[in-house]
Each structure stands twice: as C-alpha cells, then as structure tokens.
Amino acid sequence: MATEAEAEPERLPGFLGFVERVGNRLPDPVLLFVLLGAALAVLSAILAAVGLEAQVPGAAAPTPVRSLLSGEGLRFALGSAIENFVEFPPLGTIIAVLLGIAVADRSGLLPTLLRVTVLRAPRRLVTPALMLTGVSGSVASDAAYMVLIPLGAMVFRTLGRSPAVGAVAAFIAVGAGYDASIFLTATDVLLAGITNRAAAIVDPTVELTALSNYWFSIASAIVVALAAAVVVDKVVEPRLGAVDSDSSADGDDADLSVSATETRGLKVAAVTFVVFLGVCALAWLPPGAPLRDPEGGGIIQSPFVSSIAVILLIGFTAVGIAYGLATGSITRAGDVPAMMRDGMGEVAPLLVLFFVIAQFLAWFSWTGIGQWLAVTGADGLRALGAPAPVLLVLSILLIFLLGLVITSGSAQWSLLAPVMVPMLLLVGIDAAASQAAFRIGDSIANVLTPMSPYFAVTLGFLQQYRRSAGIGTLVSMTLPIAMTMFVVWVVLFVVWIVLRLPLGV
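Read in the UniProt record's numbering, the sequence shown has 297 at position 297, and its numbers run on one by one without any break.
It is possible that some hints are incorrect.
Unchecked claim - Simulated restraints, written as ranges between beta carbons of each label pair:
#	residue 1	residue 2	range
1	Leu479	Leu394	20 to 26 Å
2	Gly328	Glu83	25 to 31 Å
3	Gly297	Ala39	33 to 39 Å
4	Val390	Gly328	54 to 60 Å
5	Pro290	Gly428	35 to 41 Å
6	Gly428	Ala61	22 to 28 Å
7	Ile218	Pro387	23 to 29 Å
8	Gly380	Leu479	31 to 37 Å
Treat the hints as calculated values from the structure; they're not laboratory data. Each residue gets a CB set at the ideal place from its N, CA and C atoms; glycine is no exception.
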C-alpha cells in the first residue's frame, strides 16, 4: 500500500471524534462486565440499606432490594456461579447452531453462496443484490465481512464502477443490516435467550424463540437493502468522482470466478436443502406429526419451534456436508468433526464473555434492582403518556447511542435487556417488540463506530483505491447510506407496530 495510505488516519472531528476517544478508553467487554458487577454489588448494598422495594404486578408481596455485599449475597454469588453459566439460555443454543454453521463455512458453501449471489445478478441489479446479500450475510456470522467487503470492491471494479464504493457498500450492508436477514441466524437464537432471561424478571411465562422476529426480519432485510442500494447508486457513487486506483489492486478479477466444481457443489447443496425442508415439513405440519404440539396440535407452540436450534444445526451440517462431498473439501468422515472443532475455536471468546454476563444477569435479578427499575420506569412511562411507537423509537435511539461505544451486540443487549424489556412489558409492550427495536439500533451503530474492527478493515480496502482516504472519508461515505437505512427501518417498524402486524411466530 502507498506510503500516504499508510499514514495515521485523521482523527474525527465533533461528536464522532468524541465517540471515538471515549469508546477507545472503554475496557474489553469481559472486563466491562466485571466492573459492572462490582458496581452492582456496591449499589445493591446502598439501595438495600435505604430499604427500597418494588411491587411487581401480580406478586403477593413487594420485592425488596437485596445486598450482594452481605453473607446471603456472598453465598449466592459463589454457590450459583457454575449453575448461572451452565444454565445461561443462549449458551447451549448458540454453540449448537455454530457447530452447523462451521461445517457450512469450512466446507466452502457459505463463501461460495455469498459470491455467486452477487455475480449472477443482472448488471442493473448488482447493487441491490450486493446489499441484500450483505444484509442477510450474518448467517455466516462475521465471516460475511471478510467475504463481501473485497467481493464488493472486485465486482464494482469489474463493471467499471468505483471499487471503493463497492467495498464500503458491502461493509454497510453486512454491518448496518446485521440483525436483519431473510434466513434464520445464530443471532436470532442468541437474542431470544437474553430477552427471555430479562423478561423473567417480571413475567416468567414469556418465551421467545428464534422465530419471534422472523417476519419483521425478512421484511427489514428487503426494505433496508433496497433503500441502501438507491443511495449507493444515486448519491454516494456519483459524489465519489474518479477512482484513484492503486496498481496493487490489479488482478482481483480472477478471484470473482465460480468454478464448475463449486457450481456443482451448490446444486447438490440445494437439492439437499430442499429434501431437508421436505422432511421438516412432514415432521411438523401434518395433523399428528411428531413435531407438532402433542396436546393441542399447534404448529407455533410446538417441539419444532422450541427445538429450532438443533434443527438449524442439522440443516447447516447437512448442506455443508453435501457441498463438501461434491467439491472435494470433505473427503473423509473425520473432516466434519474437524470443521466443527475449527469453528468452535472462534467461540472461545464468546464463552468467556458468556460466563461473566451470566453472573451479572443472575446477580442483577437476585438483588431485585431490576424489578425496582422496571416498576419505577414503567410508572414514569405511564405518567409520560406516550404511545407505544414513541417509546419504542426512544428505545431505538438509546440502543443506537450505546452501540457506538459497546460494539458487542450480545454484551449490549445483556446490559440493556434486564431494564428495558421488563419496563416495557409493564406498560403493555411485549418482549418481541423490545427485541425488534434492539435489532435496529444495534445494527446501524455497527458501521458508524470507529471501534469496530471491520471499520478498520474497510478503511484499508478504501485506501487501496483512494490513497488519501482516512476515517473522515469512510464516515462521509457511510453516513448517507447508514442514516437512510436507519430512517427507513424505523419507519417500517413504527408502521408494523401501529398496524399490529405479527413480528414473528
């Protein structure tokens, strides 16, 4: 890369510069939750000494705030630590889903699928195809960034368009649409587990699944992708001007090809997927099917929906094996568990984070502070008299601002959900709506915070084609697309809530 491109990027001015400086001073999410746990212990002791209590609707007696800095609190913290971790709702489900995704990814299926989705689109539909692929690319987790950012640059360059815009557009599609997808993803499982744990503070009967936001997620993926594509084509690319291309980017076109072997693998995987869907339908939909509700015969509250994580594991594994056998990336039975073990290596940081989050949430619930905040906040919201859509939009803005400094979605929702979900439940807003609001604020913040590692990755690609590009250049290209997605997504959500459309199943 050119010397000028290697120079230290300029510091952002104004509010974004402030966010960058503050965010860079925040500790690692694991240490952040350790510090929050210590602060919670001190706060619980103070509030317990004051004698605060909350009357949760439906409870026979008020719930007092209890101190973690007491003999009872110490016994709880030490005695329940392993149980808190093992029984942390997202733990088992996220590991199960990622086992299957690891096979689909390591076999080459997911990278090839992302590539071919963009390449096979007609020229005028390339940008919408790239944006929709990126928005739904979270099915491949963070791997979508590493596949689609260079792919976006390559595709645009091949078409005689700005490769810098292609890279930035792909980054925004994946990041700003991360929590929306036309496919079920590991994120759906993770968010549902955290939301259920938070809702149990005031209503233990709440039980969200990975499908609880599915209809809204599909609609969001399509609408925000199309809106973003229009801004890319009509605003950002014309404004960018001539491409300042570096010779180091030459030769990228060869990487765009999809070989005959890969095409054959996709066909085999597609047939396997259709067969898998057929088997699922037969086991779930007909009257008396084994995965329907054995008592009422329902298909929503049923073993199929409650077991969706295991079904996703089987599905991803099956199509990944089919692709691998067809392309030769899987040649023996031992390759499959090896791929799973390789994929689990990426889960280790998540397990460390889950351990401290599980303790924090258990402590938070035990102290009774969550119940007190929820009841007090609900009383304040009732006094405010604002309708549900207004409260949800305010929640989205709060989530968005917090997401600028806490880049881990699971960490952010684990922090917010214990207060936000119960508080909104007490004013009649269900947990599925709160979770959908989180999807919007969290996703858009992903591409506007310089603390995201993929922000730096995208800046590196941008500098290959515009040697003088710095953080300000990237932000100036990102803002119009991301803000358009934000506004369109919020409007879609408000309309959805006002019309009382089902968010999922």
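Checked hints:
1. Leu479 <-> Leu394: 20 to 26 Å: Distance hint for Leu479, Leu394 holds at roughly 22 Å.
2. Gly328 <-> Glu83: 25 to 31 Å: Violated, since Gly328 and Glu83 (Cβ atoms, about 45 Å apart) do not stay within the stated range.
3. Gly297 <-> Ala39: 33 to 39 Å: violated (49 Å)
4. Val390 <-> Gly328: 54 to 60 Å: Roughly 56 Å apart at Cβ, these two residues keep to the hinted range, so it holds.
5. Pro290 <-> Gly428: 35 to 41 Å: Cβ of Pro290 to Cβ of Gly428: about 37 Å, so the range 35 to 41 Å holds.
6. Gly428 <-> Ala61: 22 to 28 Å: holds (24 Å)
7. Ile218 <-> Pro387: 23 to 29 Å: 26 Å Cβ-Cβ, so the 23 to 29 Å window holds.
8. Gly380 <-> Leu479: 31 to 37 Å: holds (33 Å)
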